[in-house]
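Novice: What follows is each chain in one-letter form.
There are 2 protein chains.
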Amino acid sequence: MRIKNFTDVTATKIDNDQARGISARVVIGREDGAENFCMRVFQLAPGGCTPKHAHAWEHEIFVHEGDGGIFGNGAWHPFLRGTVVLVEADEEHQIRNSGTETLTFVCLVPSTAPEL
Amino acid sequence: MRIKNFTDVTATKIDNDQARGISARVVIGREDGAENFCMRVFQLAPGGCTPKHAHAWEHEIFVHEGDGGIFGNGAWHPFLRGTVVLVEADEEHQIRNSGTETLTFVCLVPSTAPEL
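Protein chains in written order, with the UniProt record's numbering: chain A, 1 to 116; chain B, 1 to 116.
Mixed in with the good hints there might be a few duds.
Any copy will do: because identical chains look the same in the list, a pair fits if it lies in one copy or spans two.
[Unchecked claim] Here are the simulated SDA-like cross-link-like pairs (lysine to any residue), alpha carbons at most 25 Å apart as the crow flies: (1) Lys4 to Gly47; (2) Lys4 to Gly66; (3) Lys4 to Pro78; (4) Lys13 to Asn73; (5) Lys4 to Asp32; (6) Lys13 to Lys52; (7) Lys52 to Glu115; (8) Lys4 to Gly82; (9) Lys52 to Asp8; (10) Lys4 to His77; (11) Lys13 to Gly74; (12) Lys4 to Asn16; (13) Lys4 to His53; (14) Lys52 to Glu35; (15) Lys13 to Arg81; (16) Lys4 to Gly72; (17) Lys13 to Glu31; (18) Lys4 to Glu92; (19) Lys4 to Asn73; (20) Lys13 to Ala75; (21) Lys4 to Ala24; (22) Lys4 to Ala54; (23) Lys4 to Asp90; (24) Lys13 to Asp67; (25) Lys4 to Gly74.
Treat the hints as calculated values from the structure; they're not laboratory data.
Just need the whole structure built from these sequences, with the hints factored in.
Specialist: Below is the structure:
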């Protein structure tokens, strides 16, 4: 059994033209012995966003806290505390923080995908 | 893309000799098109607990809110907002709510396991 608080994991900061204000953590991954899927926790600062992109693996997402939106199927949808999302393989998506507090969400990928 | 709030999914209530005060929801599963792993959300009432058991698949857990403990490796460990846990296959484990509010956690299993 591996137990930790997600905040104890060192965050990777991402801030460029397409992805702004992101702190990303692999909290349960291959190094922990997770063989089938990988848990990451993302935090977006107010105004932050992930890139609008698509890839060959799915996401399973749970919103822990904050206020934002997710783009998919050609429109933006509310992305709030308690929202869950399945982003299917090859589906274009983007997440943004439209609130005034940090947006924190859990995002899982299969172990065939890059962990970060 | 499938988007919902976890509270919009019908809960299965579990209350017996070994598992008390549980509301369990499959929030992203086979019916949604999730092929590799399944997201469930569990809520334990104050005093509630999951059974002490082991099985042939792993859990990846994220604690959304509340105050409790998880048993593993022969001892109880704090299980609080932001705690993440990898329970490995065949490892005995149990979760309890030792607080005064509902304990809510996300728990993922590979698609080879029962969804609930």
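Novice: Regarding Lys13 and Ala75, is the shortest C-alpha distance of 25 Å or less found within a copy, between copies, in both, or in neither?
Specialist: neither (27 Å within a copy, 35 Å between copies)
Novice: Can you give me the call for Lys13 and Arg81, within, between, both or neither, at a CA distance of at most 25 Å?
Specialist: Cα proximity of Lys13 and Arg81: in one copy and across copies (23 Å, 23 Å).
Novice: I want to check one pair: Lys52 and Glu115. Are their C-alpha atoms no more than 25 Å apart within a copy, between two copies, both, or neither?
Specialist: within (18 Å within a copy, 31 Å between copies)
Novice: Is it within, between, both, or neither for Lys4 and Pro78, if the alpha carbons may be no more than 25 Å apart?
Specialist: Intra 30 Å, inter 10 Å, cutoff 25 Å: inter-copy only.
Novice: From the Cα coordinates, with 25 Å as the cut-off, is the pair Lys4 and His53 best called within, between, both, or neither?
Specialist: between (30 Å within a copy, 21 Å between copies)
Novice: 25 Å Cα cut-off: does Lys4 pair with Gly66 within a copy, between copies, both or neither?
Specialist: both (22 Å within a copy, 16 Å between copies)
Novice: How would you classify Lys4 and Gly72 at a CA-CA limit of 25 Å: within, between, both, or neither?
Specialist: between (32 Å within a copy, 13 Å between copies)
Novice: At most 25 Å between alpha carbons: which applies to Lys13 and Asp67, within, between, both or neither?
Specialist: within (20 Å within a copy, 30 Å between copies)
Novice: If the cut is 25 Å between Cα atoms, do Lys4 and Gly82 qualify within a copy, between copies, both or neither?
Specialist: Cα proximity of Lys4 and Gly82: in one copy and across copies (21 Å, 8 Å).
Novice: Could you place Lys4 and Gly47 in one of the four classes (within, between, both, neither) given a Cα distance threshold of 25 Å?
Specialist: between (29 Å within a copy, 23 Å between copies)
Novice: Please work out whether the CA atoms of Lys4 and Glu92 approach to 25 Å or closer within one copy, between two copies, in both situations, or in neither?
Specialist: Cα proximity of Lys4 and Glu92: across copies only (18 Å, versus 32 Å in one copy).
Novice: Please sort Lys13 with Asn73 into within, between, both or neither, judging by C-alpha distance up to 25 Å.
Specialist: Answer is neither; intra-copy 28 Å and inter-copy 34 Å both fail.
When the structure is compared with the earlier hints, violations turn up for hints 4, 9, 11, 12, 20 and for no others.
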